[in-house]
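Please model the entire structure based on the sequences and the hints provided.
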Amino acid sequence: MSSLLQVQKELDKLVKNDHGLPYVHGSASKTLPSIPGLCIEGVGPISLPITDKIADAIKEAGQSAPTIIDRSIPNILQVGASHLEFSNPAWHSGLKKTVGW
272 MSSLLQVQKE LDKLVKNDHG LPYVHGSASK TLPSIPGLCI EGVGPISLPI TDKIADAIKE
332 AGQSAPTIID RSIPNILQVG ASHLEFSNPA WHSGLKKTVG W
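Just so you know, my numbering puts the end of the sequence shown at 372, numbered straight through with nothing missing.
Simulated from the structure, these hints should not be mistaken for laboratory data. Computed from a prediction, not measured in an experiment: that's the story for all the values here. Among these hints, one or two may not hold up.
What the hints assert, rightly or not - Derived DEER-like restraints, expressed as beta-carbon distance ranges:
hint: 1; residue 1: 318; residue 2: 366; range: 18 to 26 Å
hint: 2; residue 1: 329; residue 2: 362; range: 17 to 25 Å
hint: 3; residue 1: 334; residue 2: 301; range: 30 to 38 Å
hint: 4; residue 1: 371; residue 2: 329; range: 26 to 34 Å
hint: 5; residue 1: 335; residue 2: 305; range: 26 to 34 Å
hint: 6; residue 1: 354; residue 2: 324; range: 13 to 21 Å
hint: 7; residue 1: 357; residue 2: 330; range: 16 to 24 Å
hint: 8; residue 1: 335; residue 2: 360; range: 32 to 40 Å
hint: 9; residue 1: 364; residue 2: 327; range: 26 to 34 Å
hint: 10; residue 1: 303; residue 2: 354; range: 15 to 23 Å
Where is the CB? At the ideal position from N, CA and C, for every residue including glycine.
Written out as C-alpha cells, the structure reads:
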C-alpha cells in the first residue's frame, strides 16, 4: 500500500472517530468538473495548472491558518470561503452529488 493511501486511510479513521479536527482530503472525483471556475477575491480567476505568479498571489490573499495537529509547521495559509467563488454551474451540481445533498 502506498504511503499516500495509508495516510488517506488514517485520515478517514480520524473523521469517522470525529475528534473535531479540521480535515482536508484530496482524490479524483467523477462528479466534479475539472474546471471549477474558481475565482479568489483580490487574485482573480485561477487557471490550472497554477503558475508561480498565481501561487504568489494566492499566498498574498491568504491568512495564517491555525495548525491544531502540529504548531511547528510554518507557513500554513488559508483563504476564507467568503473570498471564493465557483462560477462553473457544473461545480455546484457536482458538489451536491459528491456530498449527497
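Structure-based check of all given hints:
| no. | hint | in the structure |
| --- | --- | --- |
| 1 | 318 with 366: 18 to 26 Å | holds, 20 Å |
| 2 | 329 with 362: 17 to 25 Å | holds, 18 Å |
| 3 | 334 with 301: 30 to 38 Å | holds, 33 Å |
| 4 | 371 with 329: 26 to 34 Å | holds, 29 Å |
| 5 | 335 with 305: 26 to 34 Å | holds, 30 Å |
| 6 | 354 with 324: 13 to 21 Å | holds, 19 Å |
| 7 | 357 with 330: 16 to 24 Å | holds, 20 Å |
| 8 | 335 with 360: 32 to 40 Å | holds, 33 Å |
| 9 | 364 with 327: 26 to 34 Å | holds, 32 Å |
| 10 | 303 with 354: 15 to 23 Å | holds, 20 Å |
In summary, the structure agrees with every hint in the numbered list given earlier.
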